[in-house]
Amino acid sequence: MWQNLPLFPDSASTLAGQVDGIYLFSVAIALIFSALIAVMVITLAIKYRRRHPDQIGSEEHPPEILELVWSVVPLGIMLVMFFWGARVFVTARTVPANAVEYHAVAKRWMWKFQHPSGAREINELHVPVGQTIVMKMTSEDVIHDFFVPAFRTKYDIVPGRYTTVWFQATKVGEYHLFCAEYCGAEHSRMGGRVVVMSPRDYEEWLTHGNAGVAPAASGAELFGTLACNTCHKSDSAARAPKLDGAYGTQVTMVDGTTAKFDDDYIRESILNPQAKVVSGFQPIMPTFKGQISEDQLLQLITYVKSLSGPGK
Amino acid sequence: MSTASSAPARNYLNSSYGLWSWLTTKDHKRIGILYAITITVFFAIGGLMATLIRLELATPAGDLLQPDTYNRVFTMHGILMVFFFLVPSIPATLGNFLLPLMLGAKDVAFPKLNLASWYCLVAGGALTLWALIHGGVDTGWTFYTPYSSSYSNTWVNVTGIGVFIAGFSSILTGVNFIATIHRMRAPGMTWFRMPLFVWAHYATALIQVLGTPVIAITLLLLVLERTFHIGIFDPTLGGDPVLFQHLFWFYSHPAVYIMILPSMGVVSEIIAAFTRKRVFGYRFIAFSSLGIAILGFLVWGHHLFVAGISTYSALVFSVLSMLVAVPSAIKVFNWSATLYKASVSWETPMLYALGFIGLFTIGGLTGVMLATLGIDLHVTDTYFVIAHFHYVMVGGAIMGYLGGLHFWWPKITGRMYPVFWSKLAALLVFVGFNLTFFPQFILGYMGMPRRYHAYPPEFQVLNVMSSAGATVLAVGYMLPLIYLAWSMRYGRKAPENPWGAVGLEWETSSPPPPENFVHTPVVTGEAYDYTKKVYAFPTQEAELV
Amino acid sequence: MSAHISSVKLYIAIFLALMVGTALTVAAAFIDMGALNNVVAMGIAAIKATLVVLFFMHVRYSSRLTSMIVGAAVLFLALLFGLTLMDNFTRPADFVDHTLFDTPPASSTAVTGEH
Amino acid sequence: MSSTDHTGDLSAAHAGAAHAALPRLEHHFDSYEQQRETASLGMWLFIGQEMLFFGGLFTAYIIFRHLFPDAFAAASHHLDIRLGSFNTVVLIGSSLTMALAVRAAQLGRQKVCGWFLIATMVLGVTFLGVKAIEYHAKYVENHIPGVTQFHWEENFHGKQIPQNQARIFYGLYFAMTGLHALHMIVGIGILLWLLYWVRRGRFTPDNYNYVEGVGLYWHFVDIIWIFLFPLLYLIGRH
Ligand code: HEA
Ligand code: HEA
Ligand code: CUA
Ligand SMILES: [Cu+2]
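Residue numbers (the numbering used here), protein chains in the order written: chain U, 1 to 312; chain B, 1 to 545; chain R, 1 to 115; chain A, 1 to 238.
Everything labelled a hint here was simulated from the structure, so no lab data went into it. C-beta: ideal position from N, C-alpha, C; glycine also. Among the hints, erroneous ones may be present.
What the hints assert, rightly or not - DSSO-like cross-link-like pairs, simulated, lysine-lysine; straight-line CA separation at most 27 Å:
hint: 1; chain 1: U; residue 1: Lys242; chain 2: A; residue 2: Lys131
hint: 2; chain 1: U; residue 1: Lys276; chain 2: A; residue 2: Lys159
hint: 3; chain 1: B; residue 1: Lys423; chain 2: U; residue 2: Lys47
hint: 4; chain 1: U; residue 1: Lys260; chain 2: A; residue 2: Lys159
To be verified - Covered by chain U, per the in silico footprint, the following chain B stretches (three or more residues, Cβ under 8 Å):
hint: 5; region: 23-34
hint: 6; region: 55-68
hint: 7; region: 88-95
hint: 8; region: 184-192
hint: 9; region: 376-387
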């Protein structure tokens with residue numbers, strides 16, 4: 001039991017070193033200042049202890065300039081901490097361009113993951129080492145939080161919206177996955193494992209019964225079964241806008257406003273088509289709300305996105 | 001400082017008898033006592049919950065309590081400790097008792113409101129306890145939506161209303177204090193002659209009056225959302241759960257300064273009294289209290305860094321959080337510097353004050369770490385946060401409260417408490433506290449999430465240390481309860497001014513008469529002046545006017 | 001300092017000014033001024049409120065302290081609005097799904113019927 | 001103007017109204033002036049508190065209005081602008097009568113004060129009556145979230161307005177006006193209590209704190225409405 005008393009969790013992502021860096025710096029600052037104050041208080045309190053019952057303190061005080069010193073010095077140190085911490089945070093919040101998208105749907109009290117290849121798993125996430133991965137996350141009920149201590153990152157998963165968290169694993173191994181936002185009875189058991197594997201092992205893992213259908217492919221299939229393609233055709237006479245090549249462009253609406261054609265826009269178009277009606281078209285698209293699940297929604301989005309070629 | 005009125009003089013305790021005289025009292029001193037009893041009850045229940053938490057966490061498996069039960073336990077622990085114990089603690093007990101005394105007033109500005117505020121706390125507390133008995137709440141003390149609004153099937157509404165009512169207790173206290181400080185000062189008591197305790201309470205009252213209403217409306221909206229599904233916090237209806245967090249923390253961050261500022265005021269008084277010296281940087285300490293109160297309203301977003309707010313606002317909230325630490329730093333350093341060439345006496349209250357400085361510094365510095373975005377990203381919602389806030393709230397605020405209680409106990413009850421036991425208790429609290437909560441910093445950085453009733457086995461060692469420390473801490477808290485109660489009957493009679501301290505409250509008898517001072521005092525000099533007499537009672541010494 | 005007693009005339013004048021203000025807001029609402037509509041509506045409301053505060057509530061004749069309290073409350077209100085909106089207006093495009101389900105929440109049953 | 005320091009002639013002036021708790025200087029104050037200023041300070045602090053209390057609602061309002069401009073405009077069209085305007089006039093009128101009541105109290109004209117209080121109450125009750133009519137209309141239209149099955153089906157300037165967005169507007173509408181109405185009901189209760197004391201000659205030019213305090217409260221409630229009216233009734237009317 002005692003040999004298990006490490007002070008740091010595993011460090012297995014590119015971010016881990018950066019977070020540990022700022023952490024160690026501020027621990028040092030904290031130690032220095034706590035020690036400074038402890039030593040100062042204790043020595044003064046002993047040195048100037050009361051020698052006889054009627055003794056009063058001297059009217060003498062240390063120089064006033066100290067006030068300035070101890071306002072400015074801590075402020076300066078804290079600004080260093082702020083900028084350093086901000087840099088790490090901005091890095092952690094800026095998804096690198098080469099990131100591969102994985103999906104996570106959280107619900108009480110489980111995690112559903114889907115790989116770009118289509119493989120799905122529950123409460124376990126297998127990822128290849130060295131690959132930059134962005135988790136695109138949403139929740140089916142309350143707020144959860146994707147937290148992998150070894151990766152030193154986390155982010156809340158807010159229902160009704162997509163949030164992301166990215167990481168690049170650097171060390172093969174198994175790590176804790178925790179839900180770090182209180183979500184009810186089984187919150188403490190809403191965990192799992194992240195398994196970081198060598199790319200080869202990962203490929204193998206995928207092919208051994210874990211393949212599944214790529215989300216884009218499932219999306220393509222859904223596009224047919226939900227009859228999207230009856231309106232969204234590639235010919236110009238179609239009743240609905242052409243979706244090929246649309247991703248990333250600015251779309252103009254009937255009321256003159258514009259919107260960026262991105263994931264959330266697609267989502268909105270499917271769930272609430274009347275909210276933004278594309279200029280030149282009638283608001284005839286039916287809503288698919290209630291007819292498709294969050295997973296299917298993600299697949300459709302991935303498919304529509306894929307119509308605009310690789311990358312963004 | 002001599003005439004310890006030896007005869008059983010008329011005082012606020014013996015001026016009338018019977019439960020009814022207490023329940024209808026408008027004397028600020030008696031209301032202070034009513035509050036003290038009430039919050040002790042809440043502290044004991046909250047402490048009982050803490051005991052359950054630590055028992056459960058002694059082993060990794062969730063074997064003692066059902067997960068549901070555990071969730072209710074830490075929720076009630078947080079709610080009782082924050083809203084029903086720590087927020088009213090110092091202001092409503094010591095503050096109530098002392099503000100008029102320190103200002104040379106006969107009472108607070110609105111005695112009836114003062115009593116009403118106590119009834120609010122009792123009513124709110126009764127509702128909350130009713131909810132507790134009937135199954136409790138399991139949302140965490142933060143009541144986050146949509147869990148609280150749509151999913152929890154516990155007594156969210158009842159507790160919400162309970163906290164709502166208790167909030168009005170806090171507001172009324174704040175209104176009373178501001179009016180008292182503005183309008184009830186004795187002749188000659190200028191702003192910069194006021195004790196720092198009063199300044200701290202002024203700042204506190206500002207937050208109470210302007211912050212508390214926001215939590216009130218937030219809880220009301222939560223109740224409406226839960227009952228009528230109006231939609232503003234419910235994502236399935238188009239609402240925004242993060243809005244709830246904004247509104248909640250708009251109050252609840254400043255509220256942490258409601259908890260710490262009065263404690264800082266106590267520490268300033270204790271330091272002055274037990275160094276027999278004017279506190280270094282009086283004006284800096286006075287203004288830093290106001291600074292904390294105002295800046296404290298700018299930083300609430302640091303609780304939401306990873307909750308889905310924009311990165312831009314996370315940056316803004318982070319840098320603002322750093323700013324609020326500066327006035328705290330000023331205080332800590334000024335207290336320390338006061339010891340220079342002082343006459344330091346190691347009495348029990350001083351032990352608590354020194355303990356406060358140490359523990360608050362650690363708590364505060366870890367607060368700054370949390371405000372550092374790159375660190376919070378990893379440690380938010382882990383035990384690092386738990387450790388941080390217990391350092392400031394238990395190590396800081398409660399240390400201050402206990403220190404103040406020991407400092408003014410002779411004044412309040414007219415009795416002295418046993419020195420040995422009180423020092424032993426102070427030591428136990430300090431040691432037990434550190435043993436309980438220091439390991440939690442490490443646990444947090446290792447990644448143990450908070451609000452977990454079961455955890456991976458590698459976290460066990462540190463958790464066992466923490467649970468062991470909690471046992472020591474519990475003993476440390478129970479001791480004062482016993483010997484203070486004992487002293488009320490058997491303690492040595494206290495003189496007017498047992499510590500040889502300077503301050504208006506020490507110029508009246510112990511315990512004070514119902515009207516506080518037989519003759520209205522006149523103030524002729526600065527606070528904490530140990531070299532000459534600055535308080536006069538003109539009818540006795542008419543020439544001093 | 002003795003309490004100020006305003007004349008009945010003044011009160012009636014203020015009342016009339018408030019009536020004019022009310023008429024103006026209603027009228028302004030029917031004119032399309034784009035984003036300016038809000039500014040005008042809130043501007044008029046602010047002026048009306050100021051009139052009430054200054055004259056009906058006697059702040060004009062009260063001590064500075066009263067204005068300070070009103071000022072403090074306004075300041076803190078501004079912080080509440082300002083910093084909350086700062087977040088809401090700079091949120092990433094990640095779409096807040098306002099319409100996931102258009103039926104009353106499934107949660108209304110969850111509240112009572114869980115477990 | 002009359003200085004506050006004439007305790008003497010006051011007690012003389014009111015010696016007749018024997019049992020009424022006459023100009024009462026509470027034990028912890030030194031002078032009427034101190035007592036009055038303290039009371040007014042306390043009332044202002046309470047109003048500051050109230051401002052932030054409503055502030056939370058206004059924050060929510062701003063955010064959702066910003067998010068759903070069309071829904072807010074559409075839903076606002078379902079409020080009756082005539083009733084709203086009428087009520088605004090009524091409420092501002094009640095502020096006037098309240099101000100006059102305070103003035104009468106300042107001058108020691110208790111009778112007049114009483115009548116103005118009654119007028120204020122009548123106007124307040126009128127306001128609430130109109131509000132009740134409006135609420136009833138919403139009830140019939142199924143526009144009260146959570147009370148009836150909320151129902152919304154309408155296009156606005158050619159756009160379909162999602163039901164939930166309209167629901168949020170009405171959620172806020174009822175929260176805001178409901179809380180406002182609650183304040184009015186409490187206010188009317190206090191006015192009744194005040195009237196009782198006015199009738200018994202409780203107040204004097206030196207000691208009319210209560211009248212003044214209640215006046216401040218009533219004006220504050222009026223101010224809230226001054227903001228609520230354009231925010232709720234007058235969106236995108238053009
Ligand atoms: C009494 C209560 C109290 C006090 C005083 C504080 C004080 C501070 N707190 Fe704390 N805090 C809480 C109670 C308190 N807090 C609670 C209850 C929570 C969690 C709530 C929950 O989620 O349940 C919390 C959570 C919390 C968080 C969110 C963590 C998270 O959930 O991710 C953050 C983040 O910034 C934070 C920061 C701070 C800061 C910067 C201060 C500053 O005010 C501290 C300033 C003091 C000092 C800095 C020490 C003295 C200074 C010196 C000795 C000078 C040298 C200093 C330097 C060189 C830096 N606190
Ligand atoms: C003032 C505030 C306050 C105080 C004093 C305490 C005191 C303590 N807290 Fe508290 N704690 C919070 C505020 C506070 N806490 C809050 C806000 C939370 C967050 C809740 C949430 O997540 O929602 C929290 C959460 C929290 C957790 C995390 C739970 C989790 O996330 O899963 C833990 C775990 O160790 C803990 C432990 C303790 C301990 C050991 C004490 C000890 O200091 C307690 C020691 C006291 C006693 C043991 C009582 C002794 C006395 C008696 C029993 C008297 C007997 C009675 C009579 C004779 C009358 N607390
Ligand atoms: Cu999911 Cu906690
Ligand atoms: Cu905070």
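The hints, checked one at a time:
Simply put, Lys242/U and Lys131/A have alpha-carbon atoms about 51 Å apart, too far for the 27 Å limit, and the pair is violated. For the hint pairing Lys276/U with Lys159/A, the CA-to-CA distance comes to about 9 Å; that is within 27 Å, so the pair holds. Between the alpha carbons of Lys423/B and Lys47/U the distance comes to roughly 20 Å, so the proposed pair stays at or under 27 Å and holds. This hinted pair checks out: Lys260/U and Lys159/A have alpha carbons roughly 19 Å apart, not beyond 27 Å.
Requiring three or more residues with a Cβ within less than 8 Å of a Cβ of chain U, the coverage given for the region 23-34 of chain B is violated, as only 0 such residues are present. Counting residues of the region 55-68 of chain B whose beta-carbon sits less than 8 Å from any beta-carbon of chain U gives 3, enough to reach three: the coverage restraint holds. Only residues whose beta carbon comes within less than 8 Å of a beta carbon in chain U count, and the region 88-95 of chain B has 0; fewer than three means the coverage is violated. For the region 184-192 of chain B, the proposed coverage by chain U is not satisfied: 0 residues have a C-beta within less than 8 Å of a C-beta in that chain, short of the threshold of three.
With 6 residues carrying a beta carbon less than 8 Å from a beta carbon of chain U, the region 376-387 of chain B meets the three-residue requirement, and the given coverage holds.
Checked against the numbered hints listed earlier, the structure breaks hints 1, 5, 7 and 8; every other hint is satisfied.
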